[in-house]
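Participant: What follows is the residue order along each chain.
Number of protein chains: 2
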Amino acid sequence: MTEKLDVAPLRGMRDFTPIDWVFRKKLLAAFDKASTKTGFLRYETPVVDSYELFERKAGEELSDQIYEFRDKSDRHLALRPEITPTMVRLYMGLKESLPFPAKIWSFGQCFRYERPTKGRYREHFQWNIDIMGEADVSAEAWILFTAVEVMKELGFDAKDYQIRVSSRALLSGFLLKIGVTHERHAALMTLIDKKEKVDAGWLKEEMAALGLTTEQIERLFTLLETHDAAEIGNLVGSENIDYQNLQKLFSFAEALGYREYLQMDPSIIRGLSYYTGIVFEAFDTQRQFRALFGGGRYDALFSRMTGKDIPACGLGFGDGVIRELYTAKFGYPETYEGVDMIVGYYDESLQKPAMEFVQKAIELGIKTDFMLSVQNPKKFFTMANKRHAKFAAYLAPEEYAKGEIAIKNMQTGEQKNHCLTELDRNFLP
Amino acid sequence: MTEKLDVAPLRGMRDFTPIDWVFRKKLLAAFDKASTKTGFLRYETPVVDSYELFERKAGEELSDQIYEFRDKSDRHLALRPEITPTMVRLYMGLKESLPFPAKIWSFGQCFRYERPTKGRYREHFQWNIDIMGEADVSAEAWILFTAVEVMKELGFDAKDYQIRVSSRALLSGFLLKIGVTHERHAALMTLIDKKEKVDAGWLKEEMAALGLTTEQIERLFTLLETHDAAEIGNLVGSENIDYQNLQKLFSFAEALGYREYLQMDPSIIRGLSYYTGIVFEAFDTQRQFRALFGGGRYDALFSRMTGKDIPACGLGFGDGVIRELYTAKFGYPETYEGVDMIVGYYDESLQKPAMEFVQKAIELGIKTDFMLSVQNPKKFFTMANKRHAKFAAYLAPEEYAKGEIAIKNMQTGEQKNHCLTELDRNFLP
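Line by line, the protein sequences give chains A and B.
Per the numbering used here, residue 1 is the first one in the first sequence, and the count goes up by one each step.
Per the numbering used here, residue 1 is the first one in the second sequence, and the count goes up by one each step.
Read the hints as simulated data drawn from the structure, not as lab findings.
Do not rely on the hints blindly, as some may be mistaken.
Put simply, identical chains are the same to the list, so a pair is met inside one copy or across any two.
Said to hold, decoys possible - Using 30 Å as the maximum straight-line C-alpha spacing, the simulated DSS-like pairs for lysine-lysine come out as follows:
#1 K152 / K360
#2 K379 / K308
#3 K390 / K95
#4 K360 / K26
#5 K72 / K197
#6 K4 / K308
#7 K408 / K390
Quick caveat, the model's predicted, so the values are computed rather than measured.
Whole structure, please, built from the sequences with the hints as guidance.
Facilitator: Structure representation (structure tokens):
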């Protein structure tokens, strides 16, 4: 007696069924189409890489959220927690051969060992786009343009989501200006990153505990809560270069047709410590879900990982939150993809003639499913329904004797006979 | 000082660069197109699953070629060595909701820890198609039809490769007929599987060591070396059901238009022990490479893994050997994919007008790369070449003053001015 098989995937991991594939196909096509039409080149890196590579990116011991193990030669390996470190490795091996600046993209799986919650798994897939070798903010503008194109492909516009933009460099400059010295910036950024989720009173106490004066805290809060560009200019000084870069991004966004998606929001930090300039995060307008995508400029990463100074910026867009947003707006697909036609036959003597018919249809590019064994008409049409076939072609002795096959339009119920052997591309009514 | 970054992926693992992506895109499109047009439904399962699942499939301790590890909750996990076990798990959770018989396909990565050799890696991707719930040999015929469609999409025909077909059941029946009892079949199959690679004298000695008489060995060799269907019929008896199934497969292949690809070859065994009926393997005609794809009927697997009796057959098609064959016939792509157009500009004042032009072009569906910063004409056209752009549009002050942009056909060298703001879908000359 076989022990019962557990049909669930591992905790926190996902199967994609033929029903899931309907949305997934749309999502993959959107990533592919948008990346291609804005000139990005595709790459792919392995999901397994050396632990040391990811440590080098993090600049410290990795958290215990990483899936790590040793192979049989005692190599210390990891399932990649993100694509960026492997992208840096790949890029360093290729850079001379690529156009410069280089625009590259990938879609791949990442792993993290953490408690799974709604819509948050132990693995997820991420679309990554990056531009290497361009210091101008036009690179950020191009990255965001491409992300907006993905969202358009999926049917979303500025009523559905907004991109909040900020600048780490601007915030750092402001902190220095109000007298908060460098060594406290990292801790402060971590606090600011929590702003939306915690009580303002608690946040201010924590800032005071870092040694900020009441006046410093008030001035910082004023900046964080200002979403108007001109007012931010007043606060930081309009000659401030990081402020001017933000202004430039907004002006480029206008030229590229997506200005309406952007909001200035100085409280956007992004968790990852490696961002150095402009950062951004997109959220659904209702704020029902976590961030849809996020990214920014990370000019110091290449130098830390490789010793070479290469300005870079990029964006990561996971497959989880977008699915939730899509479901909220359009509903999640309820069934798998259909076919143009399904073919059945009445008895075994008709199996081969039916196959010949199917072969011709498929060569014409018609997506056709085929009943591999004899079906009575009733069972066949039930199956044609279940297979979501637009047309159901059934070969019975009477029609076969006349060199014909009956074709039923499954939507209208209309049925016509068609010559069994002479088909052209438009033979389906 | 940063320690030098090793730009190579792990031993036996592959990066796919933008150049590799040219072939990969073609291959993925061929799998997708063929599977879809013959009515298969797509699924995807995780690359990480429980070790026990793979053990259950193998029916024994797994070899030490498996990547296994324990997660932080001490679960015994494995990087999947093949897709089939996870497919069985997925199918058991879905079967009522799918059409029956179910035709499903996937493309995914598999891992094995072994010494990497030319074209054989520690990971590879595999296209898997399977049909569950059909005992008729029409299922095998449909599987092979779909594989032939993939090869056609890639530009291969019967001059390039052949599919060798055999039947494990037929061979078992023949062994019984010549007096070789069941308990020796497994060991014999393992020997026969080596036939092409070893010396016939050695093979016969090994068979004798298993207790076969000289006459049994001679009769077995006669069968293994017979590639003619009628002669095989004479050897096994034409009323033999497994022989009739092979005949049926050839006749279905004729109806489905791929008879010319098939060869009868009783020495085809397939390494995996779970096949029960017809088995097949495709090789390039020159026999330069290992098998392109292979598969067969595995009616006992579901019952062993799940306790349910579900007839099934399937095929696996890796991404390694096909790349070698493609390279031998067409050459491996030498560079990455180009774009329709690339856009540059003479000075910073033209950056925004150029962006507006680009945005319009991209909305029209024109694949466009954009120079993110100012380029002088010489550098720009060099980059346009490197980016394999069909057209290079350059905005200079003189043209801008007239509301125009210069567009150069990079193939003919012809250059024309075009209105900067009025574009239609066919604006590229």
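Participant: For every hint, state whether the structure bears it out.
Facilitator: Each hint, compared with the structure:
1. K152 / K360: Between copies only: 15 Å across, 38 Å inside.
2. K379 / K308: between (67 Å within a copy, 23 Å between copies)
3. K390 / K95: between (49 Å within a copy, 23 Å between copies)
4. K360 / K26: both (29 Å within a copy, 24 Å between copies)
5. K72 / K197: Between. Shortest inter-copy distance 29 Å satisfies the 30 Å Cα cut-off; intra-copy 44 Å does not.
6. K4 / K308: between (55 Å within a copy, 10 Å between copies)
7. K408 / K390: within (9 Å within a copy, 46 Å between copies)
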